[in-house]
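Residue-level listing of the chains:
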Amino acid sequence: GAVVSQHPSWVICKSGTSVKIECRSLDFQATTMFWYRQFPKQSLMLMATSNEGSKATYEQGVEKDKFLINHASLTLSTLTVTSAHPEDSSFYICSARVFGSLEDEQFFGPGTRLTVL
Amino acid sequence: SQQGEEDPQALSIQEGENATMNCSYKTSINNLQWYRQNSGRGLVHLILIRSNEREKHSGRLRVTLDTSKKSSSLLITASRAADTASYFCATAGAGNNRKLIWGLGTSLAVNP
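Chains C and B supply the protein sequences, listed in that same order.
Residue numbers -14 to 102, in this note's numbering, belong to the letters of the first sequence in order.
Residue numbers 328 to 439, in this note's numbering, belong to the letters of the second sequence in order.
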């Protein structure tokens, strides 16, 4: 149980285009989903916290107009990287908390590797 | 934001040996969690220890928590080549935002 999928697993795009990444909880409902960014050999950097039906809460220094987050249902959150540039190239990972859970355990998707040319 | 540090940053051992990783944090916590990440993949939750617990076991994993020193350790006994991965600790505060604060990670290599 508690499986999270991400799509696509990797994407290559041209500079200036927008890329949408989907994060789905497959066998549970997720009130809260988190979006992280990870650079090679580094830890996770939290970008934003996404709650179903409300606006995402962005971490300091993360541009909300650049990284659009939509959490339209209890099983789906999307991250759209708008007008992508090479510096946006990174590994993006989502995670989810189980609806009603009292624990803070997060279940992670497999990640999406974005390369912007 | 990063909570603290993990040490060592990198650890290389032989199969069958034990591996110990440490994590320090700065603020008061509700619980501390350990995750594993294989190269280029998402993270897998390993174990959660609450602030009122001192030690917890799960299979070959043993986690300790010392809230007075604001530190935790993860011990992997009888390591296997398949244990090669990066290991991260993460702390959850007592607040309602429920976000985790992550350590910098330890890269473990278990040589066959």
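Treat the hints loosely; a few may be bogus.
What the hints assert, rightly or not - Computed list of lysine to aspartate or glutamate pairs in DMTMM-like fashion (alpha-carbon distance at most 25 Å, straight line): (1) B:Lys383 x C:Asp89; (2) B:Lys397 x C:Asp89; (3) C:Lys5 x C:Glu72.
As the list claims (entries may be wrong) - Stretch-level coverage of chain B by chain C, calculated; a stretch enters the list once three of its residues show a Cβ under 8 Å from a Cβ in chain C: (4) 354 to 363; (5) 398 to 405.
Hints in this document: simulated from the structure, not taken from any laboratory.
Keep in mind the model is a prediction, meaning the values are calculated, not measured.
For every residue, glycine included, the Cβ atom is placed at its ideal position computed from N, Cα and C.
(request) Please name the hints from earlier in the document that this structure breaks, with their numbers sorted from lowest to highest. (result) Going through the list in order, the structure violates hint 5 alone and respects the others.
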